[in-house]
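Protein chains: 4
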Amino acid sequence: MPKKIRLGILGGGGDSLIGVLHRVASHINDNYQIVGAVFNPVMEENIGFAEEIDVSTDRIYVDFETMIVEEMKLPEDERIQVCSVLTPNFLHFPMAKKLLENGFNVICEKPMTTTYEEAKILQETLEKAGTVFAVTHTYTGYPMVRQMREMIKEGALGNIHKVDARYYQGWLNPVIHEKEKRSSTWRLDPEKSGISCCMGDIGVHAFNMVEFTTGMPVKSILADLNYLYEDNQMDIDGTALLRFGNNAKGIVRSSQVATGEENGLAITIYGDKGGFRWEQENPNHLYVMSDDNPMQVYKPGHAYNSDLSLDGTKLPPGHPEGIFDSMANIYLGVARAIRGEEYNDGEFPTMMDGVRGLNFIEASVQSHKEGNVWIALDS
Amino acid sequence: MPKKIRLGILGGGGDSLIGVLHRVASHINDNYQIVGAVFNPVMEENIGFAEEIDVSTDRIYVDFETMIVEEMKLPEDERIQVCSVLTPNFLHFPMAKKLLENGFNVICEKPMTTTYEEAKILQETLEKAGTVFAVTHTYTGYPMVRQMREMIKEGALGNIHKVDARYYQGWLNPVIHEKEKRSSTWRLDPEKSGISCCMGDIGVHAFNMVEFTTGMPVKSILADLNYLYEDNQMDIDGTALLRFGNNAKGIVRSSQVATGEENGLAITIYGDKGGFRWEQENPNHLYVMSDDNPMQVYKPGHAYNSDLSLDGTKLPPGHPEGIFDSMANIYLGVARAIRGEEYNDGEFPTMMDGVRGLNFIEASVQSHKEGNVWIALDS
Amino acid sequence: MPKKIRLGILGGGGDSLIGVLHRVASHINDNYQIVGAVFNPVMEENIGFAEEIDVSTDRIYVDFETMIVEEMKLPEDERIQVCSVLTPNFLHFPMAKKLLENGFNVICEKPMTTTYEEAKILQETLEKAGTVFAVTHTYTGYPMVRQMREMIKEGALGNIHKVDARYYQGWLNPVIHEKEKRSSTWRLDPEKSGISCCMGDIGVHAFNMVEFTTGMPVKSILADLNYLYEDNQMDIDGTALLRFGNNAKGIVRSSQVATGEENGLAITIYGDKGGFRWEQENPNHLYVMSDDNPMQVYKPGHAYNSDLSLDGTKLPPGHPEGIFDSMANIYLGVARAIRGEEYNDGEFPTMMDGVRGLNFIEASVQSHKEGNVWIALDS
Amino acid sequence: MPKKIRLGILGGGGDSLIGVLHRVASHINDNYQIVGAVFNPVMEENIGFAEEIDVSTDRIYVDFETMIVEEMKLPEDERIQVCSVLTPNFLHFPMAKKLLENGFNVICEKPMTTTYEEAKILQETLEKAGTVFAVTHTYTGYPMVRQMREMIKEGALGNIHKVDARYYQGWLNPVIHEKEKRSSTWRLDPEKSGISCCMGDIGVHAFNMVEFTTGMPVKSILADLNYLYEDNQMDIDGTALLRFGNNAKGIVRSSQVATGEENGLAITIYGDKGGFRWEQENPNHLYVMSDDNPMQVYKPGHAYNSDLSLDGTKLPPGHPEGIFDSMANIYLGVARAIRGEEYNDGEFPTMMDGVRGLNFIEASVQSHKEGNVWIALDS
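Protein chains in written order, with numbering that gives the first Met the number 0: chain A, 0 to 378; chain B, 0 to 378; chain C, 0 to 378; chain D, 0 to 378.
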C-alpha cells in the first residue's frame with residue numbers, strides 16, 4: 000500500500016478556519032501527512048502552532064522562499080510532494096507560480112489569483128510543469144453535486160436550456176451601512192481584495208457550479224452590480240445574465256447583503272428531459288424533477304447513485320456529511336492524481352476552473368462598468 | 000346586516016378553472032350571489048351551465064352587449080352591482096371599459112388588457128366612473144403576503160436594498176421542443192396572447208408581488224428573454240433586472256420551461272434590518288431573517304400577525320388555507336369597497352396594479368428587443 | 000343536470016368556525032343550497048344570522064323538533080334532503096337519530112355521539128333508515144390522503160407491518176397549568192365533553208386516519224393517558240399501542256399540551272414493499288419511500304394520481320388546496336350518494352367510521368384506567 | 000501547548016465504517032495520534048492495514064492481551080493513553096474491563112456491554128480505576144443537541160411534561176421477510192447480538208437522547224416489541240412508553256423495518272414554556288416553539304447559541320456539519336478530560352449513559368415478555 004503523501008502548508012495557522020478545513024480534509028481519507036509548513040509570517044507563532052498541532056518543527060520555515068530552497072535540497076522521496084496555499088489572496092499567484100516552477104503539486108485556495116492576467120500566466124506555468132494543480136472550489140466535492148454532473152453527462156436532463164445559480168450571504172449587512180465600518184473592512188478594500196468583492200468571493204462559486212455541473216461553458220455575460228454607497232468601491236451584490244453557445248440561458252445571482260442568509264449557494268438546472276434543484280445548506284438532498292413523474296429525492300450512499308458520487312460518500316445513507324467531507328473528497332482526488340492512480344475528471348477542480356473564474360469576475364465588473372453590456376468570455 | 004352583493008359573470012362556463020375559482024371565492028365569505036351572466040358565447044351551453052350551477056336563467060344573456068342593455072333597464076337595487084370578467088384576454092379591455100362607462104363595479108382577470116396603451120385608457124375610464132375595480136393578482140390575498148406588506152410598512156426590514164422574485168413553471172417544456180406542438184399552442188400565438196407569453200402571463204405576477212409587498216415602485220428594467228426556437232415568436236423564459244429610485248436593486252425571474260416546476264412563485268426581500276422569504280407552494284410559512292437572531296417562521300392566524308393578515312385567515316393556526324381562500328380574500332375586499340365599508344388598501348389589487356403590469360410587460364419585451372438596455376417605467 | 004341539493008343546518012351560526020367550514024364546503028362544487036336551518040337556539044339571533052348570510056327566513060325554525068315537524072309537511076321535492084349537524088357534541092346523537100328516523104340524509108360533525116353505546120344505536124337506526132350518513136373526518140378529503148388509500152389498495156406498500164399516527168396540538172398548554180383556568184375550560188369538563196378530551200377530540204382522528212388509509216381494522220389497543228394534575232378529570236395527552244389481526248403493529252400518539260404545535264396530524268405507514276409519510280400541515284406532499292429507489296414526492300393534480308385523488312383536486316398542480324377544499328370533497332361525495340350517482344367508498348366517512356371512533360375512545364380510557372392493559376376493539 | 004494524546008485502537012480495520020468514523024474524528028481537532036493497535040485478529044491484515052494508513056507497525060499487536068502486556072512495559076509517557084474499543088459487541092465488556100483495570104482511559108463503542116449485569120460490573124471497575132471513560136452515543140456531539148441540553152438546563156422549556164423520541168430505520172425490511180435471509184443475519188442472532196436487536200441497537204440511542212437533552216431520568220417503562228415472524232428471535236421494531244418521576248410522560252419509538260427510512264433519529268420535547276423539535280438527518284436546525292410567538296429556527300455557530308454548542312461548531316453559519324464532526328466533538332471532550340482540562344459534563348457520554356442504556360434494553364424486553372407491564376428502571 001502507498002505511504003501517505005507529504006503535504007506542505009502555506010498559511011492557515013492560528014485560528015484560521017481555512018487552515019482547519021484543509022487539515023481535517025487532508026486527514027479524512029488517511030492519505031496525507033503534513034511534513035513542512037510556513038503557517039505564519041512571525042516565526043515564533045509559526046513554530047508554536049506547529050507544536051500545538053504536533054507537526055515536527057524541523058521543517059517549519061521562516062518564509063516561503065526558504066521553504067522552496069530547503070525542500071529542494073532534500074531527496075525527492077522526502078521532499079514535500081504537494082503544497083496547500085492558504086495565504087491572503089494576493090500571495091496565491093506568486094507562491095503557486097514558484098511552486099509549479101520547482102515541480103511541486105499545488106492545492107490552491109480560491110480565488111486562484113487576483114487578476115485574469117495572472118491566471119493565464121499560471122496556466123502556462125502549469126503546462127510547462129506538468130504537475131497536479133487543484134483550486135478548492137470546495138462545493139464540487141459534495142456527493143450530490145457530483146451526482147448532478149454525472150447524471151447530466153449521461154443525458155438525464157436532455158438538452159439543458161436554463162440554469163439558475165444563487166449565492167446569497169448576509170454578513171456584509173451589519174458592516175455596509177456605516178461609513179466607518181465599511182471603510183475599515185479589508186474585503187471592501189480593492190488594494191487587498193482585488194477588483195471585486197461579491198462576484199470575486201462568492202459569485203464565482205456559483206459560476207463554477209454552473210460550468211461544473213452542466214459541462215457547458217458560458218460564452219458571454221451581462222452583469223449589474225450594486226455598490227450601495229458612493230464611497231464604497233467594491234460590489235457587495237450582483238447579478239450576471241449568462242448566455243451559452245446554444246439557445247440556453249442562465250443567471251448567476253450573488254449577494255453579501257442578503258440580510259439573514261448564511262451561506263446560500265444553490266443551483267437549479269432545467270433541460271428538455273428533466274430538472275435538478277440542489278442547495279448547499281441541505282447538501283444531501285438532490286431534487287430531480289420531470290414533466291410527468293413525481294419528484295424524486297436522491298440522497299448519498301445508495302446503489303442508484305453514480306460512481307463519482309458514491310466515491311465521495313463515506314458512511315451509510317442518513318448520516319449527514321458536511322463541508323469537511325466535501326473538502327476531503329477533493330483532497331482524495333488530488334491524492335489519486337499525485338500517485339498516478341486513475342481518477343475521474345470531476346474529482347477536483349483544476350486550474351482551468353480557476354482561470355474561468357477570474358475571467359468571469361473581470362467580465363462581470365467590465366459589463367457593469369460599461370453600462371450592462373454583454374461581455375464574451377474567452378473560450 | 001347587508002344583503003348579498005349582486006354579481007354578474009362574463010365567461011367562466013363549462014369546465015373553466017378560472018370560473019370555479021371565482022365562484023368559490025365569491026361564496027366563501029357569504030357576500031355574493033350570482034344574478035346574471037354570459038357564461039358562454041353559445042346560448043344553449045350558456046343556459047345549460049346556468050341550470051347546472053343553479054343560477055336562475057332569467058338573466059342569462061345572449062351576449063355581453065345585451066347584458067349591459069338589459070341590466071341597465073332594471074331598477075338600481077336589482078341590477079348587477081359588480082361584474083367578473085373571465086373571458087379570453089383580448090376581451091378584457093372592451094368589456095371592462097363598457098362596464099365602467101355604465102357604472103358597474105368590475106373584478107377583472109389578469110392581464111387586465113393586452114397592451115399598456117389600453118391599460119392607460121381603462122385607467123382614465125375608471126377615474127371618470129369612480130366605481131370599484133379589482134384585478135385578480137390572486138396571490139396578494141394570501142395571509143402571509145399581506146403580513147409581509149404590513150411588516151414592511153411598519154419598518155420591520157428597515158431600508159430595503161434587494162428584492163428577488165421568481166415565477167418558474169414547467170408546463171411549456173412538453174410543448175416547446177416540437178414544432179407542430181408549439182405552433183398550435185394558443186399561448187404562443189401573438190394574435191391571441193399579445194406581445195409576451197412568459198413575462199405577460201407570470202413574470203407580471205412576480206413583478207406585482209415586488210411592488211405589492213415592498214411598496215416601492217420599480218423605476219426601470221433591463222430584460223433578457225428566451226424564445227428558444229427561431230420560429231417561436233413568444234418569450235417562454237425571461238429575466239428582468241430592476242432598479243428602484245434609491246440604491247435598491249432587484250430581479251424578476253420567470254420561466255415556463257423550468258422542467259418539472261409546478262407553480263413556483265416566490266419572493267425574497269432584504270433590508271438593513273431584516274429579510275423575508277415566502278413561497279406560494281408553501282404559502283402559510285413566512286421566513287423572517289435578521290443579522291443576529293434565529294430565523295422566525297410566521298404562520299397565519301396568530302395574535303402576532305397584522306390585522307390585514309388576520310382578516311384573511313378564516314380558521315385557527317395549522318389548518319392550511321389554499322388558493323381558493325386567497326381569491327376569496329380579494330372578493331371580500333371588493334365586497335367591502337362596494338358596500339362603502341372601510342377597507343385596507345392592500346385588500347384587493349387595483350387598476351393601478353393592472354396598469355403597472357402592462358407597463359412592465361411591454362418594457363420587458365422592449366428591453367430585450369433593443370439589446371438588453373434599461374427601460375424606464377412610467378411613474 | 001341535477002338541481003342543487005336542499006341542505007338544512009343545525010347549529011353553526013354567528014362566529015362559529017365549523018359553521019363557516021361547512022357552508023363554504025357546501026358551496027365549493029355548486030351542489031348544495033341552504034333551504035332551512037336552526038342556526039341558533041335564540042330565535043332572534045337565528046333569524047339575524049339567516050339574514051346576514053342571505054338564507055330565506057321562511058324556513059328558519061325555532062328549534063330542531065319544529066324543523067322536523069314543519070319540513071315533514073312539505074312535499075318531498077321541497078323538503079330538506081340532507082341536514083348538517085353542527086351543534087354541541089351531546090346533541091349529535093338525539094338529532095342525528097331523529098333525522099334518520101324521519102328519512103333525512105345526515106352530515107354529522109365529529110364525535111358522532113358521546114358514547115360507544117349511542118354510536119351503536121345510531122348505527123341500527125341508519126340500517127333501518129337506509130339513507131346517506133357522513134361523519135366529517137375532514138382530513139380524509141385531502142387528495143393525498145385519498146392517494147395513500149388507493150395506492151395501498153393496489154398493493155403499493157405490500158403487506159403493511161407498521162403504522163404510526165400522530166396528532167399533536169399545543170392549545171391546552173396555556174390553560175392546563177393554572178387551576179382556575181383548567182377548571183373553567185368546557186373541554187375539560189366531563190359533563191360537557193364526555194369521557195375523554197385528547198383521545199376523544201383528536202386521537203380519534205389519528206385512529207380514523209390509520210384505518211382509512213390502510214383499510215386494516217385495529218383489533219386491540221393498550222393506552223396510557225396523561226391528566227397532568229390530580230384535579231383534572233380529562234386526558235390531555237395520550238398514547239395508544241395498536242395491534243392488527245396479523246403481525247402488524249401501530250401507534251396513535253396525541254397531545255393537546257405539545258407546546259407550540261398547531262394542528263400536527265401526521266401518519267407514516269410501512270409495508271414490505273414501501274412506506275408513506277404524510278403531514279396535514281403540508282397536505283399536498285405525499286412522500287413515498289422504498290428500499291432501493293430515491294424517495295418520491297407525490298403532489299395533487301398529476302396524471303400519475305389515482306382517480307379518487309384527482310377527483311378531489313380542483314386546480315392544476317402547484318396551487319395549494321387547503322382545509323376548505325378537503326371538507327368540500329366530502330360534501331361532494333355526499334351529494335353523489337344522495338343523488339344515487341356512483342361514488343367511491345372513500346369519498347366520505349360513513350357511520351362505521353363514527354362507530355369505530357367511539358369504540359376507540361372508550362377503549363383508550365378503559366385501557367388506561369385498568370392499568371395499561373390491552374382492550375380488544377369490536378370487530 | 001500539549002502534545003497529541005497517544006491513542007490505541009482495537010478493531011476498526013479494513014473497510015470498517017466505524018473505524019473510519021473514529022479515525023477521522025480523532026484527527027479533526029488535532030488532538031490525537033494513533034500509536035498502537037490491534038486492527039484485525041489476523042496479524043497479516045492487521046499489519047497491512049497499519050501500513051495502509053501509515054501507522055507505525057512497531058506497536059501493532061497480535062492480540063488484545065499482548066497489547067496490554069507490551070504497553071504496560073513502556074514508560075508512562077510513551078504508553079497508550081486512551082484506547083478506542085471498536086470490536087464486535089460481545090468483546091466490549093472484557094476489553095473495556097481489562098483496560099480500566101490497567102489504568103487506561105477508554106472510548107467504547109455502543110452498546111457498552113451485552114448485558115445490564117456486565118454494565119454494572121464495568122461501572123464498579125471504573126470507580127476503582129478513576130480514569131476517563133466515554134461511550135460513543137455519537138449524536139450527543141451535534142451542536143444543536145448540545146444547544147437543547149443547555150437551553151433546558153437554563154429553563155427555556157420550563158417544566159417538561161412530554162418527550163417523544165423516534166429512531167426509524169428501514170434496512171431490515173429487505174432481510175426480514177425471507178426465512179433464509181433473516182436466519183443468516185448476525186444482527187438477528189441472539190448469540191452474537193445479545194438480548195435485543197432493535198431496542199439494543201437504536202432504541203437505546205433514542206432513550207439516551209431523551210435523558211441527555213432533558214436531564215430527567217426515566218423511572219419506568221412499558222414496552223411492546225415486534226418480532227414479525229415466529230422463527231425470528233430478535234425484536235426488529237418496538238415502542239416503549241416512559242414515565243418520569245413527576246407527571247411527565249414520554250415515548251421511545253424505534254424500528255428497523257420502517258421501509259425506506261434511512262437513519263431517522265428525532266426528538267420532540269414539550270414543557271410549559273416551550274417546545275423543541277430536532278432531527279438527526281437535518282442536524283443543523285433546531286426548531287423552538289412556544290405558545291404565542293413565531294417558531295424560531297436555531298442554527299449552529301451564532302452568538303445566540305450556548306457555549307457548549309459553540310464549542311462543537313468549527314465553521315461559520317451555513318456550512319453543514321455532519322456526523323464526523325459530531326463524533327469529533329466527543330473525541331475533543333475526551334481529550335480535555337484526559338489532559339485534566341476543564342470540560343462540560345455534556346461533552347462526552349459517560350459510563351452512566353452506557354449503564355442506563357443496558358438497563359433500558361433489558362427492561363424493554365422484560366416488559367414485552369411479561370405482557371406489556373411497567374418495569375421500573377434502577378435509579
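It is worth saying that the hints were derived from the structure and are not from the lab.
Take these hints with a grain of salt, some might be off.
Intra- or inter-copy, both count: the list cannot distinguish identical chains.
Keeping only pairs whose Cα atoms sit at most 20 Å apart, straight-line, the calculated EDC-like set for lysine to aspartate or glutamate is [as the list claims (entries may be wrong)]: (1) 218 to 291; (2) 218 to 43; (3) 3 to 14; (4) 97 to 62; (5) 218 to 29; (6) 368 to 50; (7) 3 to 177; (8) 180 to 271.
Report the numbers of all earlier hints that the structure fails to satisfy, in ascending order. 1, 2, 5, 6, 7
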